[in-house]
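Engineer: Going down the list, the sequences are from chains A and B.
Note that numbering that gives the first Met the number 0 has the first sequence beginning at 0, numbered continuously upward.
Note that numbering that gives the first Met the number 0 has the second sequence beginning at 0, numbered continuously upward.
These aren't lab readings, by the way, just hints derived from the structure by calculation.
Bear in mind that the values here come from a model prediction, so they are computed numbers and not experimental data.
Some hints here could point you the wrong way.
[Said to hold, decoys possible] Listed below are the simulated DSBU-like cross-link pairs for lysine-lysine, each with C-alpha atoms no more than 35 Å apart in a straight line: (1) A:K130 - A:K226; (2) A:K245 - B:K130; (3) A:K46 - B:K253; (4) A:K233 - B:K233; (5) A:K46 - B:K223; (6) A:K46 - B:K130; (7) B:K141 - A:K245; (8) A:K256 - B:K46; (9) B:K245 - A:K51; (10) A:K253 - B:K46; (11) A:K66 - B:K63; (12) B:K233 - A:K46; (13) A:K51 - B:K233; (14) A:K253 - B:K66; (15) A:K51 - B:K63; (16) A:K51 - B:K130.
[To be verified] Residues on chain B that point at chain A, a partial pick, calculated with CB under 7 Å: (17) A37; (18) K51; (19) L145; (20) P148; (21) I155; (22) A162; (23) E231; (24) N239; (25) E258.
Think of the CB as a built atom: it goes at the ideal place given N, C-alpha and C, for glycine as much as any other residue.
Here's the letter readout for the chains.
Number of protein chains: 2
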Amino acid sequence: MDDRPIGIFDSGVGGLTVAGEFLKLLPDEEIVYFGDTARVPYGSKSKEIVTKFSAQIVSFLIEKNVKAVVAACNTVSSNCYEALTARFDLPIIEVVSAGAGEAARITRNNTVGVIGTERTIASGAYERMIKAENPEIIVYSKACPLFVPLAEEGWINNSVAAAAAEIYLQELIDRDIDSLILGCTHYPLLTDIITRAAGGVSVINPAVQVARKMRALLEKRGMKRGKSDKPEHKFFVSDNSGKFDKISRIVLGKAYKAEIAEVEGY
Amino acid sequence: MDDRPIGIFDSGVGGLTVAGEFLKLLPDEEIVYFGDTARVPYGSKSKEIVTKFSAQIVSFLIEKNVKAVVAACNTVSSNCYEALTARFDLPIIEVVSAGAGEAARITRNNTVGVIGTERTIASGAYERMIKAENPEIIVYSKACPLFVPLAEEGWINNSVAAAAAEIYLQELIDRDIDSLILGCTHYPLLTDIITRAAGGVSVINPAVQVARKMRALLEKRGMKRGKSDKPEHKFFVSDNSGKFDKISRIVLGKAYKAEIAEVEGY
C-alpha cells in the first residue's frame, strides 16, 4: 500500500482530459495536477526549453510527495521522457507508447494516422513507437496547431473548427488510415468534429490506456492507495487565466479550484 | 546625439510588425529586439505574470544599453505600462495610445472597433484611451484569440481564417463601426482577410503611429543616432522555435538571425 498521490502534469489545462480518465478508472487514488498555464503552449517550443520546464515541474510534484508521475503532455512525452527518467527515480508514465500500442492493436489495414502539436509530430515518437509494436504498420502524421486554441476558445463544434479539421485531416484520409491517434491532450475536447471530418476511422484517446497502465503498475508494485476515505485531489496552475475553471467544468464535470504555484528556478 | 539602440520587445515574433515600421521610418536607428518565444502567448495570461515577464525583459534590454524601449505587445501596453514606467527610468513607449489617437482622428461617425487578445480587450485600455481623446466616441471591442495562431500557422488567407474573421467581426460590423484598430502585433499579418471581413471600414495598424511617436521623442530630446555607418540590428528570442525565421522573412523582407537569450530570474 502507498497512500501518496499520483502526480499528473501538462503544459496547460489540456491534461485534465487525462486526469478525467484517472478519476474514472482509479477512483480511490489521489491526484496532484500541475498545469503550466504561465508558459503554455509547449508544442511550438524547442526540445531544450520543454525539457527544462518539465524537469522543474517533476521536482515540484516530488515536493508534493507523489508516488508516480504522468507526463500527460504529448510534447513532453515525445521529447523529454528519457531525460526525465534519467534524472528522477520515481516511476514516470508517458502517453505516447500507450496510444501507439492501442493503434497497433486495432488497425486492420496497418495504416494509422497521428495528429498532434508541431513539436510532437516533428519528434516522430508515435511513428517509432507504433513501428516498434509492428514494423509493417504505415504511419501518417499531421501537426494541427490550431486545434489547441480552438479547444480553448470553446469553438469545438462550429464552422471554423469544421473547416480546420477538414483541411488538417484531408491528407490523412487520402492515405486511407483506419485509425487516428489524438496525440495532444486538448484534442479529445474536439472528438466530435474530428470524428466527423475523419469519416469512419477509429479515433483513439491515449489517456484511456495511460490510466490502465498506471493501474497495472500500482497493482504490480503493491502501491495502491490503502486509505478508504474519499480522495482529495489537488490542482495547481502556474498562472490563473480562467481557462482552468472553463475546461475543468467541461472535462471533469465539476469546477475544481486550482492554486497558483511557481515552478521557475527549480 | 545618442548612438545607443532602441529596444523593442514583444511576447513573441508578432512585434516584428512594429520593428518593420521602425526600419521604414527610422532607417538610421539601431534596434535590439526581444521576443519571448519561450513563454508566448501573453494575451491569455494574467496581469501579474505578464507584468513580471515584461520587467524581466526591460531589464535585459537595459543591459543591452538601449536608450528607449517600445512595449510592442498590446497585452503589455494595456496592462503593465504604469508598472514598467514606475520601475524603470528610460523612456518607454507603448502601442495602445498611438492606435487610440489615430482612431479618434479618423472616425467620422464616432464609432470605433477594437480587436485584440483576451487580456488586451479585458483591460479596456483602448476604450479608455479613445474616450480620453474624445468622450463622444463609442468603442466596441472583441477578443479574437484565434488570430495569433492563425498568423503563426501561415493561414492568413484561407477558408479557416475567413470563417474566423467573419465570426469575430460580425458583431462589430452590426454596430456600424467605421474604423477598426488592429490591437495585437500579429494582426497586421491578417490585414487582407480582416479588411475583407470588415467591409469598408478603415483598418488601423498602431505600429505606424508608434514609430512616428518615437521619431518625435528622439528629435525633441536630441537623442537621434549620430553615426552615419549602417545600423546593425540585434534580435533575441527566448526560445528557438523556427517561427522567427518564418515571420521575419514575411514582415522584414529578409531572414535576420536571432540569438537565444534567457531572461528568467532578472
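Engineer: Give a verdict on every hint.
Structural biologist: Now the hints, each set against the structure:
1. For the suggested pair A:K130 and A:K226, the alpha carbons sit about 41 Å apart, so the restraint of at most 35 Å is broken.
2. Our distance criterion of 35 Å between C-alpha atoms is met by A:K245 and B:K130, whose separation comes to about 32 Å.
3. Between A:K46 and B:K253 the CA atoms are separated by roughly 26 Å; this keeps the pair inside 35 Å, and the hint holds.
4. This hinted pair does not check out: A:K233 and B:K233 have alpha carbons roughly 44 Å apart, beyond 35 Å.
5. Using a Cα cut-off of 35 Å, the hinted pair A:K46 and B:K223 is violated, with the two alpha carbons roughly 41 Å apart.
6. Simply put, A:K46 and B:K130 have alpha-carbon atoms about 46 Å apart, too far for the 35 Å limit, and the pair is violated.
7. Distance hint between B:K141 and A:K245 is fulfilled; the C-alpha atoms sit about 19 Å from each other, no more than 35 Å.
8. Under the criterion of a C-alpha separation no larger than 35 Å, the hint pairing A:K256 with B:K46 is consistent with the structure, at around 20 Å.
9. At most 35 Å may separate the alpha-carbon atoms for a hinted pair to count; B:K245 and A:K51 meet this at roughly 25 Å.
10. Of the pairs offered as hints, the one joining A:K253 and B:K46 holds, with about 26 Å between alpha carbons and a cut-off of 35 Å not exceeded.
11. Distance restraint check for A:K66 and B:K63: the Cα-Cα separation of roughly 45 Å exceeds the 35 Å cut-off, and the hinted pair is therefore not satisfied.
12. With a C-alpha separation of about 24 Å, the suggested pair B:K233 and A:K46 falls inside the 35 Å cut-off, and the hint holds.
13. For the given pair, A:K51 sits about 26 Å from B:K233 by alpha-carbon distance, which is consistent with the 35 Å threshold.
14. Taking the CA atoms of A:K253 and B:K66, the gap is about 51 Å. The hint is violated against a cut of 35 Å.
15. Taken as a hint, the A:K51 and B:K63 pair is honoured in the structure, with Cα atoms around 25 Å apart against an allowance of 35 Å.
16. Distance check on the hinted pair: A:K51 and B:K130 sit about 45 Å apart at the alpha-carbon level, beyond 35 Å; violated.
17. Using the Cβ-Cβ criterion of 7 Å, the hint placing B:A37 at the interface with chain A is satisfied: the shortest such distance is roughly 5 Å.
18. Proximity of B:K51 to chain A is violated relative to the hint, the smallest CB-CB distance being about 9 Å (cut-off 7 Å).
19. Interface hint status for B:L145: upheld, as the beta-carbon distance to the closest one in chain A is roughly 6 Å, under 7 Å.
20. The restraint placing B:P148 at the interface with chain A holds, with a minimum CB-CB distance near 4 Å, inside the 7 Å limit.
21. About 13 Å separates the beta-carbon of B:I155 from the nearest beta-carbon of chain A, more than 7 Å, and the hint is not met.
22. Evaluation of the B:A162 hint against chain A yields a held restraint, the C-beta minimum of about 5 Å falling below 7 Å.
23. A cut of 7 Å between beta carbons decides the hint on B:E231: the least distance to chain A is about 26 Å, and the hint is violated.
24. This hint holds: B:N239 has a C-beta 5 Å from the nearest C-beta of chain A, less than the 7 Å allowed.
25. At its closest, the beta carbon of B:E258 sits 14 Å from a beta carbon of chain A; the interface hint therefore is violated under the 7 Å criterion.
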